[in-house]
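**Student:** Listed below, chain by chain, are the residues.
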Amino acid sequence: MLELRAVEAAYGARRVLRGIDLRVRAGELVALAGPNGCGKTTLLRVVSGAHPAARGDVLVDGEPIQRAGSRRLAQRIAVVAQGAPLPDGFSAFDVAMMGRTPHLGLLQSEGGRDIDIVRAAMLRTRSWDLRARPVDELSGGERQRVLIARALAQEPRLLLLDEPTSHLDLAHQVDTFRLLRELCAADGIAALAVVHDLTLAATFADRVALIADGRVAADGAPATVLRAETIERVYGVPVRVLAHPRTGLPIVVPDAARERSDGAAFAGVAGGAP
Amino acid sequence: MQIAPARRARLAAPDDAPPLVTWRTQAPLFLLAALGTLLVALFAVSWGTVDIPPRTTLSILAGHLPFISTGEHAATADAIIWQVRMPRVLLAGMVGATLAFSGAAYQGVFRNPLAEPYLLGVAAGASVGATLMIISPLFVVAGMFSPVPPAAFAGALIAVALSYGLARNGGSVPAASLILAGVAVSSIGTAVVTYLMLTYNERTLEILNWILGGFNTATWTDAAILLPYAALALAGIAPLARIINVMQLDEDEARHLGVNVEAVKVAVLALASLATAAAVSVSGIIGFVGLIVPHAVRMAWGPDYRRLLPLSALFGAAFLILADLIARSINPGYEVPIGVITALVGAPFFLALLRRQGAGRRPA
Amino acid sequence: MDIVRRGARTLWLMAVCAALLFAAACGGDDGAGDDRPFEDNPTEIQGVSTPSAFPIEIERSDGQKLTLDGPAKRIVSLSPGATEIIFAVGGEASLAGVDKLANYPAAAAAFEPKVDAFQPNVEAIAALTPDLVIVADNGSGIVGNLDRLNIPVLYLDIDDEVKSIDDIFGQIGLLGRITGTEEAANELLVDLNARVKAVEEKLVGLPTTRGPAVYHELDSTFYSASDGTFIGSLYRTLHARNIAGDGGGVPYPQLTQEAIIAASPNIIVLADEDFGVTVESVKARPGWSAIKAVQEDRIYGINADIISRPGPRIVDALEQLAKAFYPNAFQ
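Residue numbers (the numbering used here), protein chains in the order written: chain A, 122 to 395; chain B, 1061 to 1424; chain C, 16 to 346.
No lab work stands behind these hints: they were computed from the structure. Each residue gets a CB set at the ideal place from its N, CA and C atoms; glycine is no exception. It cannot be assumed that every hint is accurate.
Which residues of chain A face chain B? A partial, calculated answer using Cβ under 7 Å [said to hold, decoys possible]: (1) Y132; (2) S169; (3) A189; (4) R192; (5) Q203; (6) A205; (7) P208; (8) G210; (9) I236; (10) A253.
Below, in silico cross-link-like pairs of lysine to any residue (SDA-like), each with a Cα-Cα straight-line distance of 25 Å or less [said to hold, decoys possible]: (11) C:K298 x B:F1410; (12) C:K115 x B:R1263; (13) C:K307 x B:L1121; (14) C:K115 x B:F1199.
Output of the computed footprint for chain C on chain B, the stretches with three or more beta carbons under 8 Å from beta carbons of chain C [said to hold, decoys possible]: (15) 1141 to 1152; (16) 1253 to 1264; (17) 1286 to 1298; (18) 1366 to 1377.
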């Protein structure tokens, strides 16, 4: 579905991505993790076409994204950005309906089919009951559901999410990831999500890609990637990785005891991390 | 923002999709607003310093329609209705519609409720153009057709092009840079006009009269000059209303939804600026309309540009026709600068709306 | 059009503009609003001054008293009307500076140095070491600035103090006394009075109500002069009915176009030919063919300077208009 080959990107002279190779298959939920500033968000921007790759190829269904126009790209890739502003006064339905934009001609109005698609998207994200509410009155969790509904209304093959749960409480975090899982499993949508909470990533993602310093530091099943030494190398903090008593999936917690004993050493490493 | 009445109705609606905002679903609202504007226009044509009974007015108007003969009318009444009031009301309506519509379009692409059609230097540029023409020898020898409107038009377009050129950075034109460039260009223009007024002070009054604007000298020709630009802007921008809605997310979001943000921005700004320049060139600089009418419409009918753009045009027309009516009848026989009226009538009305909106906000 | 006349209106418009554009009140003084009559007029009705010695006491338009102990020797005139008067009475030797729009007589046009009366520079004026500055419009606040420098200012506002031909004659007499040219001033006044009287005599027996209706155009957006101005007094003298009337309380009002057409004046006087308005362009205005003056071809241009400037040439304007209005009486 999505394939990145030796992708490099820069903001001016500052090189942010230094050769990323990554694949996301249809129906797969891949979590992108890594320290702040490692290039995760830039990676999403490059894939969505918002930022040009300096080198390398970004292929969607085997086609380089530069070759697809922005409209055709938007028919395949939907983006749920972090803290995206929503315009005052528009209803949740209005905003979800905006997801139909790439499927409508310039002078075309939405029709019955578009309503059906949006209704289905909002029902799936349990935001249909919010449809008449102005988006500026929604809570964080409600906004996120409406945004995902909008993304679904695009009928995308690939969903890009930038920290989709960062402002949500535990219940809404779990809720959001359950929904993503279900979308990948039932619809064959590929999802690439930036996730900070490694435990959450381990619980729901098919794969975790750890990014450090503009490169993929580790990529694979959560249990193989999320090892204490890997995480410590990437993040520069002492952690302990426990196994979930029932599922066996990794649970990542800071290692408070080691933090106290040789915190200085790790602080040094953390300070050196970009 | 307050829940518009239409929205409240939706809340109570049965479990089905909210109504779509399309030309078809909004047609009754637009027709009603158009009818109201038409009535305002008719009232303005039949009302003036000179007392002409409404029946005579209608008869004169009908008499000018093809294939209708309503008999002879006094030459004076006919001249007043057909040569003075009709073009005056028509021009005021067209200018009001153009300014309010362009204001709404500017607010849409800048995602800034404070944007107004003079933001990119149209007014200052037009003033420079008009001033240069007024102080030039051409002004005196021109004869029947005043050379001032074309000069103002050219000045306005140069100013907008300058703002745009200054703000351009590679392939994109960031909204914030554009606003700053517009402010800078406007300041330069204002400074140039001030300098020229002081240097050529035997012409200062002409310059100020032009800048203050108004419809006292409106002719059918003025209306005919403005019509193509106003129509072009309306026809070019109104179909983009759905896209402008999407642009109310942010620019990146709109791009992610497949919108060619730069192209839409350029198209909307070019068309709106062109129409505003034409309006300013025939009427002078009339403030407040382009800012407050779209706001008032937004407060009453919500932010959807598919409603906002057409309603702004209609209510802009009605507003300026009424403002001009007040300007010419407050002191019968004499004129009051229309800018004074738009400010004195418009600002309190606007404040009242603002207060009502504040009071209607959901409890904190 | 006279710079001062223009200046007062200009400043008023500027104030409006400023208020509109910047939503802030601009401190523009409109120069009007003070209807106090010129009480201290030291002249007789027709302006011929009685021989009187200095000191002269004058109440200025702002209510301040000005006392002159002897003839002024270094006058800076910021009023083209006053400049014309001083040249007409032969007092130009007392001039130390005139405003830059002074263009009559030729000697005034050639006179140096010139200063800007529209945006007067107080330093430039003070540098001329004047013993009197004549101001007809205080829109720029120049009077206060000069007062602070203790430079005597003769401030007689053009809107408040000059409402008739007689007021202009009064200023001629006053300026004659101030410049020590009383005799010449009195001779000029006798002559001007005689010319006015000659016009009046030919019009005796014409009832005011049967005189022509006249529209006096100051610019192409239909600004006009009301009855309360010296231009209006000219039309009263000519038994003409000025369609601008009382101006709705404004000395120089903007008329609504349809009011002009409805009034259907017999005569249109154009004081705006300098701005490209011509008899032909007036005739071509849509709807104006319904006006009697257009139908009867009675549109006359007049030099804006002679009719808008309160100087001796106002009598020229009166005579020209009398000939135009009553061609039979003035062969």
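**Student:** Check the structure against each numbered hint from earlier and tell me which ones fail, lowest number first.
**Tutor:** Structure breaks hints 1, 3, 5, 11, 17, 18.
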